[in-house]
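Participant: Knowing the structure of chain A, use the given hints to seat chains B, C and D on it.
So the chains spell out like this:
Number of protein chains: 4
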Amino acid sequence: MGKGRLEAFSDGVLAIIITIMVLELKVPHDPTMAALEKLWPVFLSYVLSFVYVGIYWNNHHHMLHAGAKVSGGVLWANLHLLFWLSLFPFATGWMGENHFAPLPTALYGVVLLMAAIAYYILQQRIVAANGPQSVLATALGSDWKGKASPVVYVVAIAVAPFSHWIANALYVLVALVWLVPDRRIERRLTGG
Amino acid sequence: MGKGRLEAFSDGVLAIIITIMVLELKVPHDPTMAALEKLWPVFLSYVLSFVYVGIYWNNHHHMLHAGAKVSGGVLWANLHLLFWLSLFPFATGWMGENHFAPLPTALYGVVLLMAAIAYYILQQRIVAANGPQSVLATALGSDWKGKASPVVYVVAIAVAPFSHWIANALYVLVALVWLVPDRRIERRLTGG
Amino acid sequence: MGKGRLEAFSDGVLAIIITIMVLELKVPHDPTMAALEKLWPVFLSYVLSFVYVGIYWNNHHHMLHAGAKVSGGVLWANLHLLFWLSLFPFATGWMGENHFAPLPTALYGVVLLMAAIAYYILQQRIVAANGPQSVLATALGSDWKGKASPVVYVVAIAVAPFSHWIANALYVLVALVWLVPDRRIERRLTGG
Amino acid sequence: MGKGRLEAFSDGVLAIIITIMVLELKVPHDPTMAALEKLWPVFLSYVLSFVYVGIYWNNHHHMLHAGAKVSGGVLWANLHLLFWLSLFPFATGWMGENHFAPLPTALYGVVLLMAAIAYYILQQRIVAANGPQSVLATALGSDWKGKASPVVYVVAIAVAPFSHWIANALYVLVALVWLVPDRRIERRLTGG
Numbered sequence: 046m047g048k049g050r051l052e053a054f055s056d057g058v059l060a061i062i063i064t065i066m067v068l069e070l071k072v073p074h075d076p077t078m079a080a081l082e083k084l085w086p087v088f089l090s091y092v093l094s095f096v097y098v099g100i101y102w103n104n105h106h107h108m109l110h111a112g113a114k115v116s117g118g119v120l121w122a123n124l125h126l127l128f129w130l131s132l133f134p135f136a137t138g139w140m141g142e143n144h145f146a147p148l149p150t151a152l153y154g155v156v157l158l159m160a161a162i163a164y165y166i167l168q169q170r171i172v173a174a175n176g177p178q179s180v181l182a183t184a185l186g187s188d189w190k191g192k193a194s195p196v197v198y199v200v201a202i203a204v205a206p207f208s209h210w211i212a213n214a215l216y217v218l219v220a221l222v223w224l225v226p227d228r229r230i231e232r233r234l235t236g237g
Numbered sequence: 046m047g048k049g050r051l052e053a054f055s056d057g058v059l060a061i062i063i064t065i066m067v068l069e070l071k072v073p074h075d076p077t078m079a080a081l082e083k084l085w086p087v088f089l090s091y092v093l094s095f096v097y098v099g100i101y102w103n104n105h106h107h108m109l110h111a112g113a114k115v116s117g118g119v120l121w122a123n124l125h126l127l128f129w130l131s132l133f134p135f136a137t138g139w140m141g142e143n144h145f146a147p148l149p150t151a152l153y154g155v156v157l158l159m160a161a162i163a164y165y166i167l168q169q170r171i172v173a174a175n176g177p178q179s180v181l182a183t184a185l186g187s188d189w190k191g192k193a194s195p196v197v198y199v200v201a202i203a204v205a206p207f208s209h210w211i212a213n214a215l216y217v218l219v220a221l222v223w224l225v226p227d228r229r230i231e232r233r234l235t236g237g
Numbered sequence: 046m047g048k049g050r051l052e053a054f055s056d057g058v059l060a061i062i063i064t065i066m067v068l069e070l071k072v073p074h075d076p077t078m079a080a081l082e083k084l085w086p087v088f089l090s091y092v093l094s095f096v097y098v099g100i101y102w103n104n105h106h107h108m109l110h111a112g113a114k115v116s117g118g119v120l121w122a123n124l125h126l127l128f129w130l131s132l133f134p135f136a137t138g139w140m141g142e143n144h145f146a147p148l149p150t151a152l153y154g155v156v157l158l159m160a161a162i163a164y165y166i167l168q169q170r171i172v173a174a175n176g177p178q179s180v181l182a183t184a185l186g187s188d189w190k191g192k193a194s195p196v197v198y199v200v201a202i203a204v205a206p207f208s209h210w211i212a213n214a215l216y217v218l219v220a221l222v223w224l225v226p227d228r229r230i231e232r233r234l235t236g237g
Numbered sequence: 046m047g048k049g050r051l052e053a054f055s056d057g058v059l060a061i062i063i064t065i066m067v068l069e070l071k072v073p074h075d076p077t078m079a080a081l082e083k084l085w086p087v088f089l090s091y092v093l094s095f096v097y098v099g100i101y102w103n104n105h106h107h108m109l110h111a112g113a114k115v116s117g118g119v120l121w122a123n124l125h126l127l128f129w130l131s132l133f134p135f136a137t138g139w140m141g142e143n144h145f146a147p148l149p150t151a152l153y154g155v156v157l158l159m160a161a162i163a164y165y166i167l168q169q170r171i172v173a174a175n176g177p178q179s180v181l182a183t184a185l186g187s188d189w190k191g192k193a194s195p196v197v198y199v200v201a202i203a204v205a206p207f208s209h210w211i212a213n214a215l216y217v218l219v220a221l222v223w224l225v226p227d228r229r230i231e232r233r234l235t236g237g
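Which chain is which? The protein sequence lines are A, B, C and D, in order. With the first letter of the first sequence counted as 1, position 22 gets the number 67 in our numbering; the numbers rise by one all the way through. With the first letter of the second sequence counted as 1, position 92 gets the number 137 in our numbering; the numbers rise by one all the way through. With the first letter of the third sequence counted as 1, position 10 gets the number 55 in our numbering; the numbers rise by one all the way through. With the first letter of the fourth sequence counted as 1, position 90 gets the number 135 in our numbering; the numbers rise by one all the way through.
So that you can see chain A by itself, here it is in the shape it has in the complex:
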């Protein structure tokens, strides 16, 4: 079964998620600097989420490029991932509007955590559909980033009630680690 339509549908959903998030940046009524300054936290939370969705799109792109075959289970694992990503605009908006308050920060972490788990499940499904000798399976290697991220999210969620700044710093940290695209797969595909 072709993966083209799976990619197209995922691209569509991710493109809309990114663009809908920006709607939380509501147009202020008066043309003053003060009105603009109030949007600062919403803007920051938008930047963070934009980077996260970008990371997911990038890695999703690499993963499907490496894994050629798509099964029925892969389709649903992909929809499961898209479900959690579709909650990004809500979690981002709530956190931004409340200036990174503890509870919204914790909920943001929960959505990040569930998306990370969903991504892991999808990865396993694709490996299962393509066999343990496939490019993807050998390219993944230890997958330390995929394993460490959920742990950091759990720590951040637990820390949020006490210091939401540490929690948010952890989200930024994970994003920075992932910003480097998955070179492992890229190297396998091009080099050998």
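FYI, nobody ran anything at the bench for these hints, they're computed from the structure. Relax, there's no trap hidden among the hints.
Copies of the same chain look alike in the list, so a pair counts if it works inside one copy or between any two.
In silico lysine-lysine, DSS-like type, Cα no more than 30 Å apart, as pairs:
id, residue 1, residue 2
1, Lys190, Lys114
2, Lys83, Lys71
3, Lys114, Lys48
4, Lys190, Lys48
Facilitator: Showing chains B, C and D alone in chain A's frame:
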């Protein structure tokens, strides 16, 4: 005539429907657990509709994969299906915001029913365009799920004024039955 | 130059226009039949516009299928068409919310008229890029539908201040005439 | 690595940006000419931004058509461009609603400037990935439009507090210059 653009357009509409539904989950103003808890019914109705749109996307994907030829009638039957699916965000939001009250629950069933009928018409059109010996025609077999679902929706609509919980349980039941992708077509395509 | 991306972009914009129009169907707060009945005119205007966007998508699909080559002028003529189509949600919402009042009905006609003119320009550009012997050029023939529609829109706009019902009936009439896909092109492509 | 998905994702985001901008054109409640006239500045700012997004889509299309290879750096440079373009609806809405007041006009220029810089970076990345002998590299030539535009934006931002009309006239001027598609690349591809 190519089916690529039909798939692309349908994917686009389905992707936007899914993502627009989540806008009903309005960002609350205060960062409290109480504010979050109020969103519970809207969230549940979103999950149900997300699964339904996922099922439609999945089956649509399988159906078009099996039926190669596309006629002018297929294009319009497809738009007809997309029309009813485009009412999902409205029906979902009304049901969620009113805590699954009888009338919104019945209307949700009407939209499900019309979408199911539209899907059936589309399926007939594709079979007609591809001939009775096509992969799709033989793969469909008895199509008991496609025939039973509208009946269950009608029962749910009739039951909604008396017990909206039974009606909603029926919607969940149909979704669970469909969650299993259409193995018949998949088997035909891969096996023999 | 490839036309794949032109089709993909147009599909994206048309898919979003269709789905954004449904947002004018605002979810009412109370779960009563009275609340639902108030939405009747908005729903009707949505159905009309959905059919119109469907017609444009359908004909756009046929036209680009027949015309293989795409020039820079075609890209901009296409964006010009998308611009007028992007005003459908606004014109539809205004007409629906005001129960098909004269002025919104006239504006709806203006948007229909401008879109029809933009479609005609696009068609000319594609014919120019593909030559007078191309499939599209010969398939178009007299193009009486394309020529009559703008005339009817002008009549409807002029009539709207006196009878908005006649104006709206004219819009419905044109939609019905177009609902039959462009068989001329289809016949040329398949038969000869 | 294929560029198909990069194009599809960019098309999706650009299509949504264009269509979301039109949502700032809020449907007025009464069906009068006075209500429509109030929307004039919002409509004008929408037209300007539609043309700008159209220019970006057009040039993006040409650039990727000419540059065949896509690296990880190109993916992120592309997301960076999409980030700034995603702020168009916000900047457009703020400027339109405030009748092209100085501060919103200056912010609009900042977003234009950042998008232009992001486009330049993306162009450099694609040239780097395809080598100095590639079609794109030789086709770009002096790239005077790409170099002059940011300068004009900076001037417009500086001028905005004193005369927002001059600033807006400069934005219109740059748009008009770009409306001519990048013939250089087109000529190279077709002619030689």
